[in-house]
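Asker: Keeping their order, the protein sequence lines are chains A and B. Per our numbering: the first sequence = residues 1 to 481. Per our numbering: the second sequence = residues 1 to 205.
Keep in mind the hints are simulated off the structure, nothing from the lab. Misleading hints may appear alongside valid ones.
Capping the alpha-carbon separation at 25 angstroms, the derived lysine-lysine pairs in PhoX-like fashion look like this [stated by the list, open to error]: (1) A:K32 with B:K176; (2) A:K149 with B:K172; (3) A:K156 with A:K100; (4) A:K100 with B:K176; (5) B:K172 with A:K32.
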Amino acid sequence: MTFSANFSLVLPEIVLAIAALVLLVAGAFRGKVGAIFTLAAVASLVAAAATAVLGPHGHAFGGVYAADAAATYAKVAIYLSSAIAVVLGDRWLAQRGDQKFEYAVLVVLAALGMGVTASAGDLISLYVGVELQSLALYVLAAMRRDDAKSSEAGLKYFVLGALSSGLLLYGSSLIYGFTGSTHFSQIALAAAHGGSHGVGLLFGLVFLICGLAFKVSAAPFHMWTPDVYEGAPTPVVGFFAAAPKLAAMMMFARVLGDAFPGSVDQWRQILVIAALLSVFVGAFAGLAQTNLKRLWAYSSIANVGYALLGVAAGGEVGLHSMLVFMVLYMVDVTGFFACLQALNRDGRPMETIEDMAGLIKERPGIALAMTAFSLSALGLPPFSGFWSKYYVFKAALGTGDVMLQWAAVLGLVGSVVAAFYYLRLIKSMWFDAPAGSVDAPSPSARAVGYAAAFFSFPIVLVALVWLDPAAKAAAAAFGHA
Amino acid sequence: MPLQAIAFYLLAFVTIAAGLLVVSARNPVHSVLFLITAFFSAAGLFVLLGAEFLAMLLIVVYVGAVAVLFLFVVMMLDVDFAELRQGFAQYLPIGGLVGGILTLEMVFVAATVATNGAASKNPLPNASPGGVPNTEAIGRVLYTDYVFFFQLAGLVLLVAMIGAIVLTLRHKPGVKRQDIGKQVARTPKTGMELVQIKPGEGISE
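Extracted from the complex, chain A is given alone in its bound form:
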């Protein structure tokens, strides 16, 4: 493959890198963020998504970068979700007089990192992509540096993220040591031959999975999530809960589907345990929460558990269910945090369940949208959350593995427990007496919230018609590194 042919495969990344540099220079010289600046960041993200869709498929730089259906699927979702985060975050920071041009630049660079991990074909590109995205996210969490909680969130995220990177690297070095290559395809070959290095390789795989579980905030590596979600700026939290989660799940899919497709029996039990722990930690710890950002942090932990259950099912069916699940979840969570950031009472953000009392009389539109997201997260048909869980449970039950079938049943029990806190939120919004008037919501956040609510039901029924085959084609791309 010629040098320039390699570059034509990484065109989405090149578009984002150039856009980030141009935005950085423009921001540094102009100092102010206008509508054009935000629009340019959004346009570059959309352009990157378009190049990902239209660009050629193949493996670049000797297989360290894979441009295939799976990468395209993930990149479109990640870039578009990042574009929404740019719009929402910019408005939110502007309202608080804390607008910085670096916000959009960092989101673009984080999206670049996430895209790299989504198409990683090598342990090095996986790690560099992880670092690129994580470093940008740490800064975004601490963006409001004069706010003690935001600084705390950034610091906690940074320290635990550095620890997880260490685990990831340790696992990678073990895998490299025992297989002699960092390429996923070479690792898959070495793992298939097994033999004497089986135990050492498994050791490396366990460390790698632990590091990835940190990034995706699966129990028992979830401790940082509630604190970071509570402290970080609300639109940033909406971003954290959507795009990086899909990117981290894509890393799971890349590592397990490309590098270790033959060792399903070995990694399945680890994933099932992590998935069930996540579901139950998310369900039971969420019961005690009154702050909605913390509550949704636990909800995201539980949802990651369901996605991991899909990955644990393994093969094309399992990855297919995970990809559908994550995209539907991303829409829900983006919509929920858009609504949350739109709600203020006397300039103070409404963040607790009590604050939501009587919202249906004050802001019926937003209350309806938030009800839809809660019912969707609960898994009530016909909302999108039901369909995402349906895919995962179908994949888990279809494997014929008894352990996985029991895990699916326990997962269902967990979602019934979690139903309590979603219903409590709905009850507070619909039946409690209002605590005072709500400020006028910002139009962009409200628009995103409404759009996501309409997607959750009824658009999801139409969207699934094309989402399903797209995810199926994406899942089929794994294992051909």
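Please arrange chain B on chain A, whose structure you already have, making use of the hints.
Answerer: Only chain B this time, still in chain A's reference frame:
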């Protein structure tokens, strides 16, 4: 060969002696200077092995950046090292235990590798495979096969730089900065003010 042997023993001795002085020197600035000496002699050891690129890297990165940064930290932050040294005798047993275990482990590993481990199976890696010096060998792949990683690493550094600026830079309104354009554009009219002073009174400002 004797010249190389002399150089090796000299450099190894200086490295170890400087390392000991780093931890035993009373003045922290001296500690950092000994650390730089240790880096330099370690770089010399790399040269003896034929790994001149690593030697350059050690000097450029560790001496040029890291050690100088240490020096700045030591001199600018008023850390009371005498206080840090307190309780030396108290922590000696546990510290000694950990150090002893580490030493034993390293001896075991080195002995195993030397007798029947990797050393017997893999000969010493050639520093200049195919007659290409290792700096040139790295240069040949860094911008071709590994250009993707290289550029991504550059972006990671860019993010680190943006992050440091976003989180620490504050534009204080009262600070006077030099603006050459403004200085050149000054005319006597804007720079001077004629004031009528009444006898017995000062100027208001």
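Asker: Are K100 of chain A and K176 of chain B close enough, with their CA atoms no more than 25 angstroms apart?
Answerer: holds, 23 angstroms
Asker: Next pair to validate is K149 of chain A with K172 of chain B; report whether the Cα-Cα distance is within 25 angstroms.
Answerer: holds, 23 angstroms
Asker: Check whether the Cα positions of K172 of chain B and K32 of chain A lie no farther apart than 25 angstroms.
Answerer: holds, 17 angstroms
Asker: Within a Cα-Cα threshold of 25 angstroms, do K32 of chain A and K176 of chain B meet the stated pairing?
Answerer: holds, 21 angstroms
Asker: Measure nothing beyond the straight line between the CA atoms of K156 of chain A and K100 of chain A; if it is 25 angstroms or shorter, mark the hint as holding.
Answerer: holds, 22 angstroms
The structure agrees with every numbered hint stated previously.
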